[in-house]
Structures are given as structure tokens and as C-alpha cells.
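J.: Spelled out, the chains give:
Number of protein chains: 4
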Amino acid sequence: MTQVGHNSNKPRAGGVAVDQLKSIIARVEKLEEEKKGIADDIKDVFAEARGNGWDVKAIRQILKIRKMDQSEREEAENILDTYMSALGMLPLFEEDGE
Amino acid sequence: MTQVGHNSNKPRAGGVAVDQLKSIIARVEKLEEEKKGIADDIKDVFAEARGNGWDVKAIRQILKIRKMDQSEREEAENILDTYMSALGMLPLFEEDGE
Amino acid sequence: MTQVGHNSNKPRAGGVAVDQLKSIIARVEKLEEEKKGIADDIKDVFAEARGNGWDVKAIRQILKIRKMDQSEREEAENILDTYMSALGMLPLFEEDGE
Amino acid sequence: MTQVGHNSNKPRAGGVAVDQLKSIIARVEKLEEEKKGIADDIKDVFAEARGNGWDVKAIRQILKIRKMDQSEREEAENILDTYMSALGMLPLFEEDGE
DNA sequence: CCCTGAGGCTTCGTAC
DNA sequence: GTACGAAGCCTCAGGG
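Protein chains in written order, with full-length UniProt numbering: chain A, 1 to 98; chain B, 1 to 98; chain C, 1 to 98; chain D, 1 to 98.
Only true hints are included.
EDC-like cross-link-like pairs, simulated, lysine to aspartate or glutamate; straight-line CA separation at most 16 Å:
| hint | chain 1 | residue 1 | chain 2 | residue 2 |
| --- | --- | --- | --- | --- |
| 1 | B | Lys30 | C | Glu34 |
| 2 | D | Lys35 | A | Glu32 |
| 3 | C | Lys57 | C | Asp44 |
| 4 | A | Lys35 | D | Asp40 |
Keep in mind the hints are simulated off the structure, nothing from the lab.
Make the full structure from the sequences, and use the hints.
T.: What follows is the structure in C-alpha cells.
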């Protein structure tokens, strides 16, 4: 079996597929490395802030608030969409008797 | 090894532990059975509703809206708590010069 | 026959339909609440197990295996039923509901 | 020495502190945005892989294994460092940053 | 067959 | 430093 996935179709055969697989793995690992680097940068910022006397926990709270505010706005739009969608499909409670 | 978990401490030994394990499994399986029963009840309600001519998808939307509304309210309280917490810990931007 | 219960797509009109809709929503929400309660009970069991030193993840795996075994058994029974049906035989027993 | 940069718990007072706080928040939010962008890139790679017929779950397992191997290797290096440190030896090389 | 949504696993931050 | 709790990520099941 030249392919990795047990349950998958077997795309192409031989070296091409292997090269493709290696490429996928390399790209993901590179991206994850970058992601980790950024996470470390964030830690550095907090460490610097702490070193300057700031209450890091409080700053995290602020960031959380800002994030929640923004997601709340998005959620409100979501509710509106869902609501309109539901309205478009309902009997609409009309009192047309019969 | 009388215990299941590889990485766990090994609580007690012999038959008592086994009985306890069996009890845990039995309780969980019973509860999951009950849970599945309720899920089936819900399906029945929807099936009945569909049989009565209702647009089940629309009703699901309504339920979703009601759920979102309520979680939005809870989230608002969350924001308030978080905000108060942040306020309690911050320099408060006072302009007291020095 | 009233305005509900027939095959029309949308039971418009009248308080009865509204009441019926409210009933559907109430029943589903009640059932979902019960479902959540049971889910919480399951969490409690696991928490207690963890407190007693058990490896919860391993226990979950056991439960999963038991479930697979059981569904395989059910599958076997299904095959049996199919064969019996094909042979014009009646099921020997109804399962008693609890 | 200004009002920031010392060891006081709370750099109160003045616009400089506020500016510094704003800067911290902005930097963290920017970095988190970048982080999210990279996470999305990773998703894209997996989506493309899936589109080419690969078993994404299997690839994830490979990545996990490679990560474990690597951290075991790092652990081994850590042990080496520890030994060398205990022996009063200096590290042979610094890792070049990229 | 796709897609959304719930559930479980893992990691990171916090409190003791 | 250890253990608890929360947040993000991945998986899988159910519905459209």
C-alpha cells in the first residue's frame, strides 16, 4: 500500500503521492511553527507589560471584553438572520379564520 | 496490573476496585440510554409536528433563536462581571499627575 | 376536522395552531432540558470516578468498545431478522420495553 | 525614570501609561489576529489535502507522532544539557534563530 | 453528500 | 509546583 489513509481513496501512486504528502506535512509543520512563534510573541508582550508594572490579568480581562463585545455584535446579526429565516417559513399566525 | 488506566494512580486493589469500575460503567451506560431515549422523544415530537403540517425546520430555527436569546442574556451578565473585575484591578486611568 | 391535522403544508390561521406550536416548542424545550440534566449527571459520575483515581479517558474507551460490540451484536440480530423475514418466519420475541 | 518601568504594582497616572496600555492591547490583538490567520491557513492546507483524496485524520496522526518524536528528541537534548551543566561544561552551540 | 452543531480532548492560565 | 478550570481544536453524529 503506497497510501497513508486506510479509509481514503488512493490518489495517484508512487512517488508523486509521497511527494505530495511530504509537502502537506511540511507546510502544516511550518505553519504551526509560525503559529507557535506568534504565541510566544504574545507571551513576550505580556511579560514586558508585567515588567512595566501592569496587571496582566486585568489586561487579559480587557482583551476578553473587547472580544466579547465584538462577538456579541456578530451574534446579534446572526439572531437577526435566523429570525428572518424563521419568519419566512412560518404560518405567520395569520387570523384568516378559514 | 489490576487497574485500567495506564497513567493513573492505582486506587485500592483487587475486587473492590473492579466492582467500582463496573458500577461506574453501568451508571454511565444507564444514563446514556436515558439520554438517547429523550433524544428519541424529541424526534417523536418533531415527527408528530411534521405530520400536523408544521415546518419542522422553521420550528428548529425558533428554538435556536430562543436559545441564543437566553445565552445572549447570560453573556451580557458575563461581560458585566468581567468588566467589573477588570475595573477593580486596573490603574483606572486616573489623571492624578503624580 | 379542524385546520390542523390535515396534509396542508402550513396550518395557518387561528389560535389552535398557535397553541399547538407553543405546545411543540414547550415540549421540545422541556425534553432538551432533561437531556442536559442527564448529560450533567454523566459528568458527575466521571468527576467522581476521577476523584477516586480512575483514568476517565480509559473508561470512555471501554464504553466506546462496549458500544461497538453491542452495535455489532445488534447488526448480527438484524441479519438474523432479515434472514428470518426472507424465510417467512416470525420473530420469536418482541423486546419488552424496559 | 518615568512613571513606568519601575516595580510599582500599578502605573497610575497620566497619558503615558494609558498610551502604553493601548499599545499593549493593540499589539496583542494584532498578534492574535495573525495567529488566527495562520490557523486558517492550516485549515486551508487540510482542506486542499482532503480535496486531493488524502485522509486528513491519518495525516494529523502523523503530525502528532512527529511532534512526539521531536519533543522526545528535545527531552534527550535537555538531559544532555543538564548533564553538561552538571559537569560544568558549556553548550557547544547556540541555536540560530531561524 | 455537505454542513452545521454538540461532545470530547488538549493546552494554557490561575489559584493554592 | 500542582491541581483545577477555562478556551480552542478536532471529531463525529444528525439534519437539509
